[in-house]
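There are 2 protein chains.
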Amino acid sequence: MAQSLQQSQQRHLDELIQWLKIPSVSSDTSKIGDVKAAGDWIANKLADSGLKVETIQTQGHPMIYAESPAIDGAPVVLVYGHYDVQPPEPLNLWTTPAFEPTVRNGNLYARGATDDKGQVLTHVHSICDWMATGKPLPLQIKLLIEGEEEVGSENLERMMPELADKLACDCVVISDSSQYGPGQPAITYGLRGIATYELLVQGPKQDLHSGSFGGAVMNPAIALCHLMSSMVDREGRIAIDGFYDSVRDLSPAEREAWDQLPKTDDFAKSVGASELFGEKGYSADERRWARPTFDINGLTSGHQGEGVKTVLPAQASAKFSFRLVPDQDPTQLTDAINSHLTKHLPTGVTFKLTPDHGAPGMLADTNSRFMDAARAAITAAFETPPVLIREGGSIPIVTRFQETLRCDCLLLGWGLSDDNAHSPDEKFCIEDFYRGIQASTMLWESIGKLSS
Amino acid sequence: MAQSLQQSQQRHLDELIQWLKIPSVSSDTSKIGDVKAAGDWIANKLADSGLKVETIQTQGHPMIYAESPAIDGAPVVLVYGHYDVQPPEPLNLWTTPAFEPTVRNGNLYARGATDDKGQVLTHVHSICDWMATGKPLPLQIKLLIEGEEEVGSENLERMMPELADKLACDCVVISDSSQYGPGQPAITYGLRGIATYELLVQGPKQDLHSGSFGGAVMNPAIALCHLMSSMVDREGRIAIDGFYDSVRDLSPAEREAWDQLPKTDDFAKSVGASELFGEKGYSADERRWARPTFDINGLTSGHQGEGVKTVLPAQASAKFSFRLVPDQDPTQLTDAINSHLTKHLPTGVTFKLTPDHGAPGMLADTNSRFMDAARAAITAAFETPPVLIREGGSIPIVTRFQETLRCDCLLLGWGLSDDNAHSPDEKFCIEDFYRGIQASTMLWESIGKLSS
Numbered sequence: 001m002a003q004s005l006q007q008s009q010q011r012h013l014d015e016l017i018q019w020l021k022i023p024s025v026s027s028d029t030s031k032i033g034d035v036k037a038a039g040d041w042i043a044n045k046l047a048d049s050g051l052k053v054e055t056i057q058t059q060g061h062p063m064i065y066a067e068s069p070a071i072d073g074a075p076v077v078l079v080y081g082h083y084d085v086q087p088p089e090p091l092n093l094w095t096t097p098a099f100e101p102t103v104r105n106g107n108l109y110a111r112g113a114t115d116d117k118g119q120v121l122t123h124v125h126s127i128c129d130w131m132a133t134g135k136p137l138p139l140q141i142k143l144l145i146e147g148e149e150e151v152g153s154e155n156l157e158r159m160m161p162e163l164a165d166k167l168a169c170d171c172v173v174i175s176d177s178s179q180y181g182p183g184q185p186a187i188t189y190g191l192r193g194i195a196t197y198e199l200l201v202q203g204p205k206q207d208l209h210s211g212s213f214g215g216a217v218m219n220p221a222i223a224l225c226h227l228m229s230s231m232v233d234r235e236g237r238i239a240i241d242g243f244y245d246s247v248r249d250l251s252p253a254e255r256e257a258w259d260q261l262p263k264t265d266d267f268a269k270s271v272g273a274s275e276l277f278g279e280k281g282y283s284a285d286e287r288r289w290a291r292p293t294f295d296i297n298g299l300t301s302g303h304q305g306e307g308v309k310t311v312l313p314a315q316a317s318a319k320f321s322f323r324l325v326p327d328q329d330p331t332q333l334t335d336a337i338n339s340h341l342t343k344h345l346p347t348g349v350t351f352k353l354t355p356d357h358g359a360p361g362m363l364a365d366t367n368s369r370f371m372d373a374a375r376a377a378i379t380a381a382f383e384t385p386p387v388l389i390r391e392g393g394s395i396p397i398v399t400r401f402q403e404t405l406r407c408d409c410l411l412l413g414w415g416l417s418d419d420n421a422h423s424p425d426e427k428f429c430i431e432d433f434y435r436g437i438q439a440s441t442m443l444w445e446s447i448g449k450l451s452s
Numbered sequence: 001m002a003q004s005l006q007q008s009q010q011r012h013l014d015e016l017i018q019w020l021k022i023p024s025v026s027s028d029t030s031k032i033g034d035v036k037a038a039g040d041w042i043a044n045k046l047a048d049s050g051l052k053v054e055t056i057q058t059q060g061h062p063m064i065y066a067e068s069p070a071i072d073g074a075p076v077v078l079v080y081g082h083y084d085v086q087p088p089e090p091l092n093l094w095t096t097p098a099f100e101p102t103v104r105n106g107n108l109y110a111r112g113a114t115d116d117k118g119q120v121l122t123h124v125h126s127i128c129d130w131m132a133t134g135k136p137l138p139l140q141i142k143l144l145i146e147g148e149e150e151v152g153s154e155n156l157e158r159m160m161p162e163l164a165d166k167l168a169c170d171c172v173v174i175s176d177s178s179q180y181g182p183g184q185p186a187i188t189y190g191l192r193g194i195a196t197y198e199l200l201v202q203g204p205k206q207d208l209h210s211g212s213f214g215g216a217v218m219n220p221a222i223a224l225c226h227l228m229s230s231m232v233d234r235e236g237r238i239a240i241d242g243f244y245d246s247v248r249d250l251s252p253a254e255r256e257a258w259d260q261l262p263k264t265d266d267f268a269k270s271v272g273a274s275e276l277f278g279e280k281g282y283s284a285d286e287r288r289w290a291r292p293t294f295d296i297n298g299l300t301s302g303h304q305g306e307g308v309k310t311v312l313p314a315q316a317s318a319k320f321s322f323r324l325v326p327d328q329d330p331t332q333l334t335d336a337i338n339s340h341l342t343k344h345l346p347t348g349v350t351f352k353l354t355p356d357h358g359a360p361g362m363l364a365d366t367n368s369r370f371m372d373a374a375r376a377a378i379t380a381a382f383e384t385p386p387v388l389i390r391e392g393g394s395i396p397i398v399t400r401f402q403e404t405l406r407c408d409c410l411l412l413g414w415g416l417s418d419d420n421a422h423s424p425d426e427k428f429c430i431e432d433f434y435r436g437i438q439a440s441t442m443l444w445e446s447i448g449k450l451s452s
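Chains V and A are the protein sequences, given in the same order. Residue numbers for the first sequence follow UniProt numbering, so the first one is 1 and each next one is one higher. Residue numbers for the second sequence follow UniProt numbering, so the first one is 1 and each next one is one higher.
Looking at chain V on its own, in the form it has when it is part of the complex (with noise of 0.2 Å):
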C-alpha cells in the first residue's frame, strides 16, 4: 500500500535513527561486534528491498555488496558509502549522547548523522523505495558500503584489484560531503588527500624528577613542540625540504569562479575561533580545499590529571595529518618527514615515525553527462541549481575508483559544513535529508535517459 510522504519521510528518518544508534566506531577494537552489526543492517535493509546483497570479508571489518538487475543499454552506476564512524570522545561535550539519535531545531543530532550514514541512506531509501513500487530502475545499480572509511580504507584499497568487475561501472556516486551553505546545494570536483601520522619522542627510559634532573636531560615534550614547530611556520606554510614541489596551482579561471561563489556568514565566527588565519595570499576556501596544509590531531605526554606534578617525561607523542592536494604523492612524504625529523631532532632523544594511511587528493571531469544529469535533479529537489566546489576533506578510496574501474565520480554532499562531521554533537539537517532521497530518485531518473 503506497504511503503518503509524510509516512515515508516519517519511515526514512526512523530507519536512520535505528541505524545511528550502533555505535560502529571502526578505529576502536572494543567496537567490533557494533561495527558487524551497523554492516548486517544495511545488508537486510538491502536484501528486503529485493537487490542482491553480499557481505565481503575483509582482513577488517566486512563491506556490504548489493545490485540491481543489470539493464541493457544503460548506464551502471555504483554508490558508495560507509557504514562506520569516527569516534565520539570527546563525550562530555555532546549535548545529548552521541549514540541516542534526537531531534533538535530540525537536525538529527548523533554521530553518523551526516557522516555518512544519513547521507548514504538517502540512495538506500531511494533505491529501496524505488524496488517496492515493482517498477525496474531505468540502470543498474551497484552499492559498496564499507566498515573501514574512518581508519584509511585500507582493505578496500588492497581488495580493489579482485573486486574491480563486480564493481564496474560507469559513473561513482558519493554522498559524503556538504552543500555550500544552508539553502545552497553543491556538486564537489575536487577532494584533498590526507597523509596520517604518528610520532613518538624517546627520552629518558623513565619519567624524572624535574628539579633533579631538569636542565641537564633533554625534556621529549620540549622536544616534540620543537620538531612540530619546526614543520610549519604561524602562517600555516609546511617547511618540509620539497613538500610544495609536486602542488598542483588553481587555475585563474578557478579561483574567478570561486571568487563568484555566494557569501556565506562570517567564516572564523561560525566555527567560534578568533580570527582567521592561513597561509598567505589565499582565500580561506582556497586554503581549505585547494592548499595542502598540516594539522596536529593529538598531543600526549607526561602528567595529564588533576594538579600539578614536576615530572620530566619520558616520552611526549603527537598524531598529525597532512592534507594534501593533486599532484601530491602520500608515499614519498613519509621519507620526506623521517629525514625533517632527524635533521631538526634535538640532542638526547630519539624518535620513531610511523605512517598510518595516506592517499592522494582527487579532481573530478566538471563537464561530464552524469555532471549534468546531478547537476538536474539537484535544481529540482533543492528548487535551487547547485554551485561547483571543491572540499577539503578526505575519501581516500575515491582516486583508487577512478584509477581502478576508469569511471566518472559524482560527489554530490547533502550535507552542512558545520554538520560537526568529526566532533560532538553531530548533526544532519532532516530536511536535506528528504531533499537528498527526492535528489538520488530524480537522478537516476535521469541517469537512466543516458546510454551506457
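It is worth saying that the hints were derived from the structure and are not from the lab. Owing to the predicted nature of the structure, the values given are computational and were not obtained by experimental measurement. Errors might be hidden in some of the hints.
The list cannot tell twin chains apart, which means a pair is met if one copy fits it or any two copies do.
Claimed, not checked - In the DSBU-like style, the derived pairs of lysine-lysine whose C-alpha atoms are separated by at most 35 Å in a straight line are: (1) K166 x K31; (2) K343 x K280; (3) K31 x K449; (4) K205 x K31; (5) K352 x K263; (6) K263 x K205; (7) K135 x K263; (8) K352 x K280; (9) K166 x K269; (10) K135 x K352; (11) K205 x K352; (12) K280 x K36; (13) K269 x K45; (14) K263 x K280; (15) K343 x K263; (16) K269 x K352.
Dock chain A against the given chain V, drawing on the hints supplied.
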C-alpha cells in the same frame, strides 16, 4: 625491654611499610581521606612516644606538629618533612603496585619511600627511640610534618606568620634530598626555586574536521607547540626577555669544588637518555643545581586514544615549570611569561595562563656550627665524610623558614638520585634508611652539646 639492633631495624622498617600503604596523594581530591589517614598515622606514632602532638588544621590537608620539652641552654631544632606523596601515575610502569611496599635487592619500593615518608621517618624513629629510653633529649626538638609539600605548601606558607612563635628554632633539619651517590653522603646547601604553570590555548569553539577546516582555522595544538618552542631553545636556554637578569652566577670556588667531586656513573646512561643535554658552558651538575631551567611536565590535546582521528582540536594545554636559582623572583616571572605569550601568540587562538605555585631558591651557610655537627654525625653513621652539594629540586618552604624563623638550615639527604622520587618504582635503600636513623640520633647528641 631493650631490643637488639636487628629487632629495632625490623620494627623501623615495618612501621615505614605501614605508613607507605596509605596513598596520601595530596593533589588528588579523591584521596582526601587517605591523606588525613597518613597524617593521623604519624601523629599517633609521635604521641605514643610521649611527645606533645597537635594537628593543625589548614584550608587544605592538616599539618602534624609535635614537640619535646624545652631544654634550658640547649638549641631548638625544627624537623620538617611531609607525609603527602606525588601521584603514582603511570601505574602500568610500576614493577609492583605503588602502594604495596615491596623489598627487592635491598631497596624498599613504594610511592613515598624516599619522598618523603622514608626520610622523615628516620628522624621520627631516632626521636621516639630516644624518648623510649626514658633519658631526656639533650635539645628541644619540634617536628612539623605537613600534607601539602607536593602541591606547593601554600597553606603552610600563608600560615607561617601565625605559626612563627610555635616553630621558633635555631636550625631547621630536613631530609628530603639525596646523597651525592651510593656510599657518598652529602649535605645540600642550596636548592632551586620553582614556578609552575598551566597554559590553555583555545582555538575554535569545538573540535573540527581537519579536512574541512584545516589550513583556514588555526590549530591550537600547533599554536601551543610554537609557544612552547618560543620559550626555550634547543640547548635549554630560556628565551623569555629578562629571564637571566637576576640569576646569581656560580662562584669560581663553587665550580672548582664541584669539579673535585668524586665522579659518578655516566650520567646520561644512568637515566637511560641517549646523550647529555643542556646549556652550553656548564657541567651536568652545574646545570641541575645552579642554573635555571624550563620543563614541560605534561601536554594534552585532541585525540589521545587508539588509532587515527583527523580532528582539528578546539584546545591544547601544557603544564610547565621553571626551576629557579637564588635571587630569581617567581612572582615577577608570571608577568614576564604573560608578556612573552602575548607577544608570540599565533593568529586565531587565545590563551589562558594559570600560575600554580612558586618559591624562590635557597642557599645555606656552609660554615655554621650546625653544619659542623651534621658533618660529624653523618661521617660517623655513614663511615664517610659528606660532600657539600646543591640540589636541583625545590622545597618551597625552606626559604620561607629561613626568612620567617631566621634560623640555620640543614638539608641532610639520605636518598639517591636514582630513587625515582616522582616516577614509577620509587625506592629507598633500606641500609641508608637505617644509617639515616643512626645519623639522626648522633645529630641530636652533637647539637645537644652546642649552646642555644
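Here's how the hints hold up against the structure:
no. : hint        : result
1   : K166 x K31  : within (29 Å within a copy, 61 Å between copies)
2   : K343 x K280 : both (26 Å within a copy, 20 Å between copies)
3   : K31 x K449  : neither (43 Å within a copy, 72 Å between copies)
4   : K205 x K31  : both (33 Å within a copy, 29 Å between copies)
5   : K352 x K263 : between (44 Å within a copy, 33 Å between copies)
6   : K263 x K205 : between (54 Å within a copy, 22 Å between copies)
7   : K135 x K263 : neither (43 Å within a copy, 91 Å between copies)
8   : K352 x K280 : both (32 Å within a copy, 27 Å between copies)
9   : K166 x K269 : neither (46 Å within a copy, 59 Å between copies)
10  : K135 x K352 : neither (58 Å within a copy, 63 Å between copies)
11  : K205 x K352 : both (15 Å within a copy, 32 Å between copies)
12  : K280 x K36  : neither (46 Å within a copy, 58 Å between copies)
13  : K269 x K45  : neither (41 Å within a copy, 62 Å between copies)
14  : K263 x K280 : within (20 Å within a copy, 55 Å between copies)
15  : K343 x K263 : between (44 Å within a copy, 33 Å between copies)
16  : K269 x K352 : between (38 Å within a copy, 20 Å between copies)
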